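Colleague: One-letter residues, chain by chain:
4 protein chains.
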Amino acid sequence: MVRVKLIGAGGYGGVGFVELACRHPQVELAALVDVQDVGRKLSDVWPHLAGFCDLPLVAPDSPQAADDADVVVCATPDGVGQAVAPQALAAGARCIDYSGDFRFADPGLYAEYARRIGRAPEHASPQVLEQSVYGLPELHRGAIRGAHVVGNPGCFAVSCILALAPAVRERCLLREGIACDCKTGISGAGKKPRPGFHYPESYEAARAYKLAGHQHVMEIEHELSLLAEDNVRVAFTPQVVPMARGILSTVYGRLAEGMSQARALEAYQSFYQDERFVRVLGPDAAAGTDQVRGSNFAIVQVACDERTGTFRAMSYIDNLVKGQAGNAMQNLNILFDLDEALGLDQPGAHP
Amino acid sequence: MVRVKLIGAGGYGGVGFVELACRHPQVELAALVDVQDVGRKLSDVWPHLAGFCDLPLVAPDSPQAADDADVVVCATPDGVGQAVAPQALAAGARCIDYSGDFRFADPGLYAEYARRIGRAPEHASPQVLEQSVYGLPELHRGAIRGAHVVGNPGCFAVSCILALAPAVRERCLLREGIACDCKTGISGAGKKPRPGFHYPESYEAARAYKLAGHQHVMEIEHELSLLAEDNVRVAFTPQVVPMARGILSTVYGRLAEGMSQARALEAYQSFYQDERFVRVLGPDAAAGTDQVRGSNFAIVQVACDERTGTFRAMSYIDNLVKGQAGNAMQNLNILFDLDEALGLDQPGAHP
Amino acid sequence: MVRVKLIGAGGYGGVGFVELACRHPQVELAALVDVQDVGRKLSDVWPHLAGFCDLPLVAPDSPQAADDADVVVCATPDGVGQAVAPQALAAGARCIDYSGDFRFADPGLYAEYARRIGRAPEHASPQVLEQSVYGLPELHRGAIRGAHVVGNPGCFAVSCILALAPAVRERCLLREGIACDCKTGISGAGKKPRPGFHYPESYEAARAYKLAGHQHVMEIEHELSLLAEDNVRVAFTPQVVPMARGILSTVYGRLAEGMSQARALEAYQSFYQDERFVRVLGPDAAAGTDQVRGSNFAIVQVACDERTGTFRAMSYIDNLVKGQAGNAMQNLNILFDLDEALGLDQPGAHP
Amino acid sequence: MVRVKLIGAGGYGGVGFVELACRHPQVELAALVDVQDVGRKLSDVWPHLAGFCDLPLVAPDSPQAADDADVVVCATPDGVGQAVAPQALAAGARCIDYSGDFRFADPGLYAEYARRIGRAPEHASPQVLEQSVYGLPELHRGAIRGAHVVGNPGCFAVSCILALAPAVRERCLLREGIACDCKTGISGAGKKPRPGFHYPESYEAARAYKLAGHQHVMEIEHELSLLAEDNVRVAFTPQVVPMARGILSTVYGRLAEGMSQARALEAYQSFYQDERFVRVLGPDAAAGTDQVRGSNFAIVQVACDERTGTFRAMSYIDNLVKGQAGNAMQNLNILFDLDEALGLDQPGAHP
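Protein chains in written order, with our numbering: chain Z, 30 to 380; chain L, 30 to 380; chain B, 30 to 380; chain F, 30 to 380.
If you are wondering where the hints come from, they were derived from the structure by calculation, not from laboratory data. Here the structure is a predicted model, which is why all the values come from computation and not from measurement. Don't take each hint at face value.
Partial list, derived from the structure: chain Z residues whose beta carbon lies under 10 Å from chain L [unchecked claim]:
| # | residue |
| --- | --- |
| 1 | 210 |
| 2 | 212 |
| 3 | 231 |
| 4 | 234 |
| 5 | 240 |
| 6 | 263 |
| 7 | 268 |
| 8 | 273 |
| 9 | 275 |
| 10 | 277 |
| 11 | 333 |
| 12 | 338 |
Residues of chain F clear of chain Z, computed beta-carbon distances all greater than 10 Å [stated by the list, open to error]:
| # | residue |
| --- | --- |
| 13 | 64 |
| 14 | 65 |
| 15 | 87 |
| 16 | 99 |
| 17 | 122 |
| 18 | 135 |
| 19 | 137 |
| 20 | 239 |
| 21 | 287 |
| 22 | 289 |
| 23 | 291 |
Cβ coordinates follow ideal geometry from the N, Cα and C atoms, glycine included.
Chain Z on its own, in the form it takes in the complex:
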């Protein structure tokens, strides 16, 4: 059994991980840590877990939180993981972090990222940072296997990178003029109530936001640049639509000379052919976020518009699964040499 200490257990990212752990034959939750609802059972906070996970939430500094574990999963905002990881490593555990703390192994890049989100540019654990791995299995499976610290990607980043990676590596599109048009469900904003996500305010509202720059764009560009072996920049438009779960990202670029829809589709099929959790579709398939809801699957659809010379692809994921807890569990499976699909090999429920 892999013993997990879960920090931030009471948020959507934590609860999502607990739900998957309940299905996982080799994961055991050792401790649930949070700063809210301390002392309450997780199943009192989230009653659907009653009988499945009745552990109490403990404070970060409580003795119970110090339980030994094989891996510490930080389902927490920026800043927590970088403080926690060194202790985890010192105690012999691995660490999977949901935030931006370990998405850039280069301290210079991290500093730039931190600056953009209004944090101090110095990472709290630069040495740990340098050994961390970007936790998108479809790109870094080998490195994740041997990693001690994994930076779980942002949900928008998962969706955009999966939609663009084959095209960028196989040069289906020009390096200039890439745009990512992303539509997310509201759960992406977390469990904290906010005016814009109050039901009556959001039920009939499609909105673009953070037009001056979203924190996920930097990891998208970084990963695509690695694939391109060149500097890739993307215009990124985050938008929220009235649903709870799901991201539909539509990506655009200029078709490379001689590139066609048929060849682009082939490149995608080839790139993802061994991937358990990526389904590649052509332009005629009917796809929707409902088809991946509650599951770790990503649908990537290639639908170029040759008439206008436009490269175009869509990706559909569940922001809370492949975009967060599911991808984290996939990383855990890789870290501990388990079948990558453990805890994840179920269809979602429809409708």
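Start from chain Z and add chains L, B and F according to the hints.
Modeller: Chains L, B and F alone, transformed into the frame defined by chain Z:
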């Protein structure tokens, strides 16, 4: 009083027109025509109209349908308007048509459009067609004023053209590489139940569709080409998200040499400065389809990404108002030299 | 023109009143008062009002808030109206209050009400209280006409009283064993974000709440007791369902000896025959909250179950219109001897 | 392994069963039968099942449909099961039927039921009928264990019976004056698109329907009468609210002499103390359909109103799980002496 014969009165486009007519001090509904629910009162089909519009729906060939009217509004699918318009004109009435029948005054263009949507290329009334005017007041107000037949634009077309017109005319962006990423509420598909719009199928589904080509793209390109005095092509992605009303279109292009966000915004403000129903916003404003819901207003937001050389703008409309019935009423007001805002000068209801 | 000072202008109850005022030919907004967003234009807080109501929100103690007005509308929680009303009256104005402050003209009843909601039992203005009138036009039109202070009913109370009043007065049901099963949309909770109304928490959640007692039950019982000339008690179950607007209340009781569905329906038709805003339906009609959405209409449907001796009726209202701002506007029209339907004589928008 | 032939595999009831079968270690799908989409893979019709259930849908008369199976599950409308069951039994299989075909072992009762739903009163297989068992494990576990044919209950019936059974058996309420006020999500109507469930028609609509009588009331009364050893009648109000999944039923009655909230709650706790899938709550708990979404659990909340002498309880279920496929799987587990929770021992996903 302007007497209106409304054909297709029982669909969303018809009902929307009736709702506005109830608020309009100078419009009188003379006859409601439909092929469904014939003989029933409109308010029996749509009970919210009880006491406001209790006229019966009559068949197209009934004597009541032949009532004289000052204008015939065809809230009908392709094919109906071109059959009806000549009779309307012969009887001295004007005609406003919601379909693609009168969106291209050039029979050659119409033939191409008809071919794309699987109809016979010959227009039933080519002479009427040649005198028709594309009914987007923000572009063709003068021509509409003197027109006999107005082709009301498609809802996606309204949203994309409003988002791009100033940029295209003022050359804020390059002619190549324009993409329109459109998200519509489900009412855009009309009142007819279909599997994909059954509540349990659609409530958590964001989907792209018609990726091989949507019928609205041709009018978008035609209007933008007129503005550019050049051939403009756009990649167009229709998408549906789980809401009833609203379209958010995000348009992308390459910023022209020397163009900036500030200058682009200025161009938009100048272009729309006298427009009653267009609000221009900069990148920092919070906008959403909820802000135009139930009203004839369009919000156009300019938010270029200078870092990546990307021109970007969003438009927000209510697909059933500015995207359909409201725009038709605006056309009616122009046709009859009324205050353009009659019947339309109300805020929507929030939330 | 009737000049209105609106207190609590930035909440849903205030905004709803402003929307109606925009349609009302004889109402003028003199001052908008609130404790939040002071100094901002109302249309900056609620952009759908841009161009329709661009007045600033002023603090209660600002000089602008002291503008003379013909009527002060308090769209505010308990406690504000009772402090404000005496000043309004002293300045020669009338007062319409949305809260429970003026729903019980008897100080003893008020004390009991106050106790239940955890407030001090002494009313701040007992003399004003004693002259106040319960503002449900269908029951108290005559008294409202001459009133100085009107206590606008609670939204659940409107729905239950309209559903039960004819039955209670005409003794269609036994006095014992009445139950009100109420389902409200989420806007009934106001604009303040709360965990339970965060979109992802509420979009698939039907919930009963406040099972120990809801503050609206007392006014329901008080009004029904007046009609019955006897002591009437009702079991009351507030429930919230995932929609923004609307209340569906289903009321149950034991059919009185000799009472039938046919006679009960007749009693309702007779009771409401002159009411502009109440539509009475029989059991076979298809009704829904969507049919009254955005309008001041109430649908009351009588559908007794003779097989089990059960009296049953449903009422459908828009909680923000007939349940709040619309009913307040109706009261205003009565207070100032205007056509009762001014500002309210429009259908809602469908869908 | 228990081999299952699933008839009606492409509907919501069938798909729900398939989803559970994917999680069940001892269930194997032998054949999927349907009359629609014959020849397509189930995962082409419902893409979320891709890789999990790629069997084809076969016609009822195809040779593949004749595969031997240990149990035939009829996820079909009235009439199919009674035709199919005798053949299944003859082939040595058991049968679980979702419809009303086997909910009344008494042919006279069946005839009455059939009459109410407009079918011929003669059952096609009266001998099989007489041996069938009503498949609500909480009431008939013992009989189900030995049964050959199980009539899976209606979704409303599950919710009402669970809410009332302890009260009726323990005489917490009077036999007269029971009312069931039920609110269902839209998936209860199945996958077939209909005007009232078209997204734009239903997203803001709470509606009562079938007020003259719903087919589920008869089984509710039958089961309660068995528990009461007396004739029990209930008034039943089906209502639909804008959500996909879930039923909240609120039941009312008159508190029996000497009965209190405390004693009633105790009766419920005792009645359900050994039930894996029923959670009993008191009046102060916060419950909602979201807490049982995607799971086989039922929440039953006892919240009497002593002030008015009203017995009151709520039940919350997922109509597609405990109200249909989950309960069917629970029955299957009992039929084959498996752990009753196999395939069902997972929490739903939140949010």
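Colleague: Examine each Cβ of chain Z, and state whether all of them lie more than 10 Å from the Cβ of residue 122 of chain F.
Modeller: Non-interface label stands for residue 122 of chain F: nearest chain Z Cβ at 26 Å, farther than 10 Å.
Colleague: Next item in the hint list is residue 210 of chain Z. Is there a CB on chain L closer than 10 Å to its CB?
Modeller: 4 Å, holds
Colleague: Would you check whether the claim that residue 135 of chain F is not at the interface survives, using Cβ distances to chain Z and the 10 Å cut-off?
Modeller: 36 Å, holds
Colleague: Holds or violated: is the Cβ of residue 231 of chain Z closer than 10 Å to a Cβ in chain L?
Modeller: 8 Å, holds
Colleague: Does residue 273 of chain Z pass the interface hint, meaning its C-beta sits closer than 10 Å to a C-beta of chain L?
Modeller: Hint on residue 273 of chain Z: holds, closest Cβ of chain L at ~6 Å, below 10 Å.
Colleague: Could you check if residue 240 of chain Z really has its C-beta closer than 10 Å to a C-beta on chain L?
Modeller: 4 Å, holds
Colleague: If I take the minimum Cβ distance from residue 99 of chain F to any residue of chain Z, is it greater than 10 Å?
Modeller: 23 Å, holds
Colleague: Is the Cβ of residue 239 of chain F farther than 10 Å from every Cβ of chain Z?
Modeller: Per Cβ check, residue 239 of chain F is outside 10 Å of chain Z; nearest 22 Å; holds.
Colleague: Grab the minimum C-beta distance from residue 234 of chain Z to chain L and call the hint holds if it beats 10 Å, violated otherwise.
Modeller: With a closest approach of 4 Å, the residue 234 of chain Z hint holds.
Colleague: Taking the shortest Cβ-to-Cβ distance between residue 137 of chain F and chain Z, state whether it exceeds 10 Å.
Modeller: Fine: 38 Å to the nearest Cβ keeps residue 137 of chain F off the interface.
Colleague: For residue 64 of chain F, which was marked as not at the interface, is the minimum beta-carbon distance to chain Z over 10 Å?
Modeller: Holds: least Cβ distance 20 Å, greater than 10 Å.
Colleague: Closer than 10 Å between Cβ atoms is the bar; does residue 212 of chain Z clear it against chain L? Give me holds or violated.
Modeller: Interface hint status for residue 212 of chain Z: holds (5 Å vs cutoff 10 Å).
Violated hints for the displayed structure: none, as all numbered hints are satisfied.
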